[in-house]
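Asker: As a plain string of letters, each chain reads:
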Amino acid sequence: MDRRSAIKRAGLLGAAVAMPTMLTILQSCKDEARLTWKPEFFSDTEAKTIATLLDMILPRTETPGALDVKADVFIDKVIAQTYDAEGQQHMRDEILGFNAKCMENHQANFIDLDEPKRIVVLKAEEKSSGKFSRGVWGKAIGPQEAIGFYRSMKSMAIWAYFTSEEIGEKVLSYDPIPGVYEGCKPLADIGNRWSL
Amino acid sequence: MANYNIDAKKEVTYDAIVIGSGISGGWAAKELTEKGLKTLVLERGRIVEHVVDYPTMNLDPWDTELRGGLTPEQQKKHYKATRSGWIGTDTEHFWADDEANPYTEEKPFLWLRGHQMGGRSLLWGKQTYRWSDLDFKANAEDGHGVDWPIRYKDIEPWYTYVEKFAGISGEPLGLPQLPDSHFLPPMDLNCVEKHVKSRIEKEYDGRHLIIGRCAHLTVPHNGRGQCQNRNRCSRGCPYGAYFSSNSVTLPPANATGNLTIRPHSIVQSLIYDDKKGKVTGVRIIDAETNEDIEYNAKIVFVNASTLSSTQILMNSKSNRFENGLGNDSGELGHNLMDHTYRVGAHGKVEGFEDKYYKGRRPNGIYIPRYWNVDEKTKNDNFLRGFGYQGGGYRGGNPANSESFGADFKDGILKPGPWEFFITGFAECLPYHDNKISLNTDVLDKWGQPTLTIDAEFKANEKAANKQIQEDAVDMLEKAGLKDIVGFDNEHPPGFGVHEMGTARMGRDPKTSVLNGFNQVHAAKNVFVTDGACMTSSSCVNPSLTYMAITARAADYAVSELKKGNI
Numbered sequence: 040m041d042r043r044s045a046i047k048r049a050g051l052l053g054a055a056v057a058m059p060t061m062l063t064i065l066q067s068c069k070d071e072a073r074l075t076w077k078p079e080f081f082s083d084t085e086a087k088t089i090a091t092l093l094d095m096i097l098p099r100t101e102t103p104g105a106l107d108v109k110a111d112v113f114i115d116k117v118i119a120q121t122y123d124a125e126g127q128q129h130m131r132d133e134i135l136g137f138n139a140k141c142m143e144n145h146q147a148n149f150i151d152l153d154e155p156k157r158i159v160v161l162k163a164e165e166k167s168s169g170k171f172s173r174g175v176w177g178k179a180i181g182p183q184e185a186i187g188f189y190r191s192m193k194s195m196a197i198w199a200y201f202t203s204e205e206i207g208e209k210v211l212s213y214d215p216i217p218g219v220y221e222g223c224k225p226l227a228d229i230g231n232r233w234s235l
Numbered sequence: 021m022a023n024y025n026i027d028a029k030k031e032v033t034y035d036a037i038v039i040g041s042g043i044s045g046g047w048a049a050k051e052l053t054e055k056g057l058k059t060l061v062l063e064r065g066r067i068v069e070h071v072v073d074y075p076t077m078n079l080d081p082w083d084t085e086l087r088g089g090l091t092p093e094q095q096k097k098h099y100k101a102t103r104s105g106w107i108g109t110d111t112e113h114f115w116a117d118d119e120a121n122p123y124t125e126e127k128p129f130l131w132l133r134g135h136q137m138g139g140r141s142l143l144w145g146k147q148t149y150r151w152s153d154l155d156f157k158a159n160a161e162d163g164h165g166v167d168w169p170i171r172y173k174d175i176e177p178w179y180t181y182v183e184k185f186a187g188i189s190g191e192p193l194g195l196p197q198l199p200d201s202h203f204l205p206p207m208d209l210n211c212v213e214k215h216v217k218s219r220i221e222k223e224y225d226g227r228h229l230i231i232g233r234c235a236h237l238t239v240p241h242n243g244r245g246q247c248q249n250r251n252r253c254s255r256g257c258p259y260g261a262y263f264s265s266n267s268v269t270l271p272p273a274n275a276t277g278n279l280t281i282r283p284h285s286i287v288q289s290l291i292y293d294d295k296k297g298k299v300t301g302v303r304i305i306d307a308e309t310n311e312d313i314e315y316n317a318k319i320v321f322v323n324a325s326t327l328s329s330t331q332i333l334m335n336s337k338s339n340r341f342e343n344g345l346g347n348d349s350g351e352l353g354h355n356l357m358d359h360t361y362r363v364g365a366h367g368k369v370e371g372f373e374d375k376y377y378k379g380r381r382p383n384g385i386y387i388p389r390y391w392n393v394d395e396k397t398k399n400d401n402f403l404r405g406f407g408y409q410g411g412g413y414r415g416g417n418p419a420n421s422e423s424f425g426a427d428f429k430d431g432i433l434k435p436g437p438w439e440f441f442i443t444g445f446a447e448c449l450p451y452h453d454n455k456i457s458l459n460t461d462v463l464d465k466w467g468q469p470t471l472t473i474d475a476e477f478k479a480n481e482k483a484a485n486k487q488i489q490e491d492a493v494d495m496l497e498k499a500g501l502k503d504i505v506g507f508d509n510e511h512p513p514g515f516g517v518h519e520m521g522t523a524r525m526g527r528d529p530k531t532s533v534l535n536g537f538n539q540v541h542a543a544k545n546v547f548v549t550d551g552a553c554m555t556s557s558s559c560v561n562p563s564l565t566y567m568a569i570t571a572r573a574a575d576y577a578v579s580e581l582k583k584g585n586i
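Top to bottom, those sequences are chains A and B.
Note that my numbering has the first sequence beginning at 40, numbered continuously upward.
Note that my numbering has the second sequence beginning at 21, numbered continuously upward.
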């Protein structure tokens, strides 16, 4: 069954607390997260961890979710092909650290936690994972606090999602050759944010 | 416009040689060929033909495997330039190879280079402003550096000349410190920029917020198409809507039949003939075969970009010039300047949530200099001035939101909050000890000496930066912005990519390298008309001035040649 639409129908949105009646549904869906692709960088367990995280941050609704546009596959490719050895090791250490925290607080690795517990984990990470400073011309301005694994993975997930063909062309407002610049239009005439 | 004549094999003698094909070299090539001179352009890198050699111009993010990310090998190749934050797979092929072309930073300095036909004219910011007599008289008035040998009236007709050909869009304002160009229609401000403009202009006497003046066509011009607001300029523009050598100056130069452009030509030195008392040609190394070749010409235009032009002069040693060609004054390599960069303020704007824009305008706003423009605006904290660039847009960083899940995802599909920022560019004084020198310990891929760069911003620039940040925060507060962050990223020189000086123009051969027509004082058939020639740095972007100075010098060179004076 489609876990996302089940949650949505039950009004269990985003970071809301799971109702006990929902638990059976959630748990019955758990085994859907089986790996059906071969990562370039991640181990199977790491890939499942990332996929579970991405699916919670950007689930399928009326629009596709992160996994529908293979954001996890893309992130794996980016780490494999653009990170140097040190950066790759750092990524592994961070996933380990993330799971170690889950183990300490909830006595299981992230992917083995039930959805309510995972929501608790993400809520805590939202508080403790740092925030990106604002940027000007692509660079942070002023001081930048340390960014934790969760925040950086969330940022990568959004990047991977927005720059996927399906979201970039069909969900966001897509206009590769605008022709004119109009500086002040009703938002209603455009709709979603520009993809480019 | 295709089919450049690149066959420099059968002919080694030309009327003129132009070293470099970037913004100033392209203009030199156009002017000299159109005036009938058989001209050889020596280009360090490869041929980049307009449109044909813009492989990424139409790619969407999902069309490239890594959506802009660079591999470790690419990062290593551009280990200097990646510090700018501008390099992605879309433009990687237009940035120089930092490993093959090393340089040494005595103090931190970012030297961004584009080694191909068109040079950095493919990558530049396209902001185009005339300088004024406030700039040309500045050194004489406050005693820093030497006096410019020219004034605004000398260059004014040449600004008009290059603007009419290049196509500069903007709005006339009538300010003496920022003379109006010959303009194509201005681009539009968006609603937030208009709002901030009205508040700032109401709150402050003498401050103006205008749309950037820029080398983007807002209407078709000279056979080129107008800007389509894609903001993919640095990949090369298929419409030829922004000024680059590739789309604007080299095609007409080629059309004269007088142009030969030789790619992969690393200029080693200029050849000075002691007996004739002048330069007779240029010595190159073929970058692909390592072959040494000499080309002869009556005149040489050195347009390799600020630091590279001076590097060539320094490496051109002879009995007459033991310390580098034209270096009688000892000023060659000195007085390096850049503009300060990324100091300003950023804030959020409320009340326009139901408004958005269409199009990706490759341009922002400009706030012209308002300090030290007359007695009334004198600022005791620093000499000279600064201007701001910036803009308004819907931004935000959805990753910072403390939520996740379905509602979060649906929410981030909508545009984020309106934001607005300004960042100042301050004039840098000409300091003798901000300098470059030849480094014979670190050689490039072709065994040539490299540069050591030793430059820093000093007290005056730091004081200007302090004022930039304070004023920026103050203006955004008065404009009613919320959540304002003032910032100073303390960028070292080079980040502004407005390197100027190191072979300055001047009235006195004892204190300068070039005269008022950009001739090397003691080798009058050599002209240097890129950023190296600059005697001061103004606070406005310099490229338009390079274009005008080059066209003026080329006109003079041809007339002197015809008179038999050089």
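Keep in mind that the hints are not guaranteed to be accurate.
[As the list claims (entries may be wrong)] Derived lysine to any residue pairs resembling SDA-like cross-links, with alpha carbons at most 25 Å apart:
| hint | chain 1 | residue 1 | chain 2 | residue 2 |
| --- | --- | --- | --- | --- |
| 1 | A | 209 | B | 86 |
| 2 | B | 378 | A | 109 |
| 3 | A | 209 | B | 126 |
| 4 | A | 109 | B | 90 |
| 5 | A | 162 | B | 430 |
[As the list claims (entries may be wrong)] Example chain A residues on the side facing chain B (calculated, C-beta under 7 Å, incomplete):
| hint | residue |
| --- | --- |
| 6 | 87 |
| 7 | 150 |
| 8 | 152 |
| 9 | 163 |
| 10 | 167 |
| 11 | 171 |
| 12 | 175 |
| 13 | 219 |
The hints are simulated quantities; they were obtained by calculation from the structure and are not laboratory data.
We put the CB at the ideal spot given by N, CA and C, even for glycine.
Asker: Now tell me if each hint is right for this structure.
Answerer: Each hint tested on the structure:
Simply put, residue 209 of chain A and residue 86 of chain B have alpha-carbon atoms about 20 Å apart, close enough for the 25 Å limit, and the pair holds. Straight-line distance between C-alpha atoms of residue 378 of chain B and residue 109 of chain A comes to about 29 Å, which puts the hinted pair past the 25 Å bound. Restraint check for residue 209 of chain A and residue 126 of chain B: not satisfied, since their Cα atoms lie roughly 51 Å apart, outside the 25 Å limit. Of the supplied pair hints, the one linking residue 109 of chain A and residue 90 of chain B holds, its CA atoms being roughly 20 Å apart against a limit of 25 Å.
Our distance criterion of 25 Å between C-alpha atoms is met by residue 162 of chain A and residue 430 of chain B, whose separation comes to about 18 Å. For the restraint placing residue 87 of chain A at the interface with chain B, the shortest Cβ-Cβ distance is roughly 18 Å, beyond the 7 Å limit, so the hint is violated. Evaluation of the residue 150 of chain A hint against chain B yields a violated restraint, the C-beta minimum of about 16 Å exceeding 7 Å. The criterion of a C-beta within 7 Å of any C-beta in chain B is not met by residue 152 of chain A, whose closest approach is roughly 15 Å, and the hint is violated.
Given the 7 Å rule on beta carbons, the hint for residue 163 of chain A is violated: about 11 Å separates it from the nearest Cβ of chain B. Using the Cβ-Cβ criterion of 7 Å, the hint placing residue 167 of chain A at the interface with chain B is not satisfied: the shortest such distance is roughly 11 Å. Proximity of residue 171 of chain A to chain B holds as hinted, the smallest CB-CB distance being about 5 Å (cut-off 7 Å). For residue 175 of chain A, the shortest C-beta to C-beta distance to chain B is roughly 5 Å, which falls under 7 Å, so the interface hint holds.
Below 7 Å, beta-carbon pairs count as interface contacts, and residue 219 of chain A has one with chain B at about 6 Å; its hint therefore holds.
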